[in-house]
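Each chain, letter by letter, is given below.
There are 2 protein chains.
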Amino acid sequence: MNHVIELLQKHRSIRKFQQKAINEEMVRTIIEAAQCASTSNYIQAYTVIQVCDAAVRKEIAELSGPQLWVEQSPLFLVFCADLKRLDRACSIHEKKMEKGYAEQFIIATVDTALVAQNTMIAAESLGLGGVFIGGIRNNPDRVCELLDIPDDVYPVFGMCLGYPADDPETKPRLPVNIVLKKDRYSTEGDEQRLEEYDRTTSEYYNNRSTCSRDDTWTGQMAEMMSKVMRPHMKEYINGKGFFVT
Amino acid sequence: MNHVIELLQKHRSIRKFQQKAINEEMVRTIIEAAQCASTSNYIQAYTVIQVCDAAVRKEIAELSGPQLWVEQSPLFLVFCADLKRLDRACSIHEKKMEKGYAEQFIIATVDTALVAQNTMIAAESLGLGGVFIGGIRNNPDRVCELLDIPDDVYPVFGMCLGYPADDPETKPRLPVNIVLKKDRYSTEGDEQRLEEYDRTTSEYYNNRSTCSRDDTWTGQMAEMMSKVMRPHMKEYINGKGFFVT
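Line by line, the protein sequences give chains A and B. Count along the first sequence from 1, add 125, and you get the number used in the working numbering. Count along the second sequence from 1, add 125, and you get the number used in the working numbering.
Everything labelled a hint here was simulated from the structure, so no lab data went into it. In this text, a Cβ means the ideal position worked out from N, Cα and C, and glycines have one as well. Among these hints, one or two may not hold up.
As the list claims (entries may be wrong) - Short derived list, chain B residues pointing at chain A, Cβ under 8 Å:
#, residue
1, N127
2, T154
3, S163
4, T234
5, A238
6, Q242
7, R262
Unchecked claim - Okay, derived cross-link-like pairs now, DSSO-like style, lysine-lysine, Cα gap no bigger than 27 Å in a straight line:
#, chain 1, residue 1, chain 2, residue 2
8, A, K209, B, K359
9, B, K359, A, K221
10, B, K209, A, K359
11, B, K224, A, K352
12, A, K359, B, K296
13, B, K352, A, K359
14, B, K296, A, K209
Next up, chain A with everything else stripped away, as it sits in the complex (with noise of 0.2 Å):
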């Protein structure tokens, strides 16, 4: 074990902010670090926007859930996967970027959500805590409008940071032998994996320091996967030139 793991393994989504600003430098810092993440092909199919603007957090907040963290964070960041700066790329030497490949949908989603993962780390690691933002996929015509992102752009997540002013526990993962297999996909033995995880998570839900309920980790999945989720979302992607063909 090293202090890396521990940093990694002491993950928990912190929502409570304390009112301390994060300056600008300690933005930067965490954001170099997080491009040095692996990028397919070199392509960096990423823009990260940083929302200061009251009325914009507001607003995302708002259809984000609500989430009132969005308009409280310290710092609010929006993950964008970026084709557009490569079209840019071909255009400066005379070419045509070939669009719409569910190929360059999947690239740059990665790529955004590997730089996402290390901005976290880079930002846990200097004491902040935060959360990933999914909820801007409410709605994310109005997010693009608010922000001016333009097609060949898409925001993925958001992600709010600040330094902690709350101390929840971490939440157990799904045990190591069910998501880690070996040379073939099996579920052999996975029923009673997921019953014993299932205590697990029951136990959590049940003692937890806040929102304490009865649940476990199958009937909470079965309750949101038999529901219809972000319908819009196909039609949006195409629409913004992505995953077309």
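Given chain A, work out where chain B should sit, using these hints.
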């Protein structure tokens, strides 16, 4: 600055490895730490397949490029976006999973990438190095056959890990003031920044210790993005049960 940020900054892809095995306990430590990454609504929609079988490694190495390091690295992992476990959770609770939503595709792909980036960080903190293998998407059907990957699961990328037998330079990333924007997406000033970055990358390519060449970032990107990229991916992804609706 701190040790974690220094670790992130030192990242570069490693493709040559010492012939020194990574023991099971270390693999487990790495994956367990990686699992602590954020996950959208707790869904943990990923599975990692550790590929040990030499013949399978050889074939994946071939179809990925060829990329010999897939065959030779002490550890080769395939990261899959996985909705199948969630389908199981629905069955346990006698519910029917809503399938094929673009949103689910995004969530599962992002979850997988977050865990993978944590895997890389955890591995690097233990003295290992590695490289992502997007090349498995050259022939995802065959990868699924080889690893028995069922519907509702797709292999997003692979990852080679091991003790480095090489010490390449880090690759200069885009200037932070191109990727980090304030309050709105704007390309003002980016023209000059790209020119500056082209000089930086040209210098990097000219002077690096192996495979030096004349190139720039925009030149490289224009070349790559003006070609069709894995055009089979849309049909493949839809066929696997993702992004249909």
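A quick look at each hint next to the structure:
1. N127: 5 Å, holds
2. T154: 7 Å, holds
3. S163: 5 Å, holds
4. T234: 6 Å, holds
5. A238: With Cβ-Cβ at 4 Å, under 8 Å, it holds.
6. Q242: 4 Å, holds
7. R262: 7 Å, holds
8. A:K209 x B:K359: 21 Å, holds
9. B:K359 x A:K221: With Cα atoms ~21 Å apart, K359 of chain B and K221 of chain A stay inside 27 Å; holds.
10. B:K209 x A:K359: 21 Å, holds
11. B:K224 x A:K352: Given that 27 Å is the threshold and the Cα spacing comes to 9 Å, the pair holds.
12. A:K359 x B:K296: 35 Å, violated
13. B:K352 x A:K359: Between K352 of chain B and K359 of chain A the Cα gap is close to 24 Å, so the pair holds against 27 Å.
14. B:K296 x A:K209: 22 Å, holds
Violated hint for the displayed structure: number 12, the only one.
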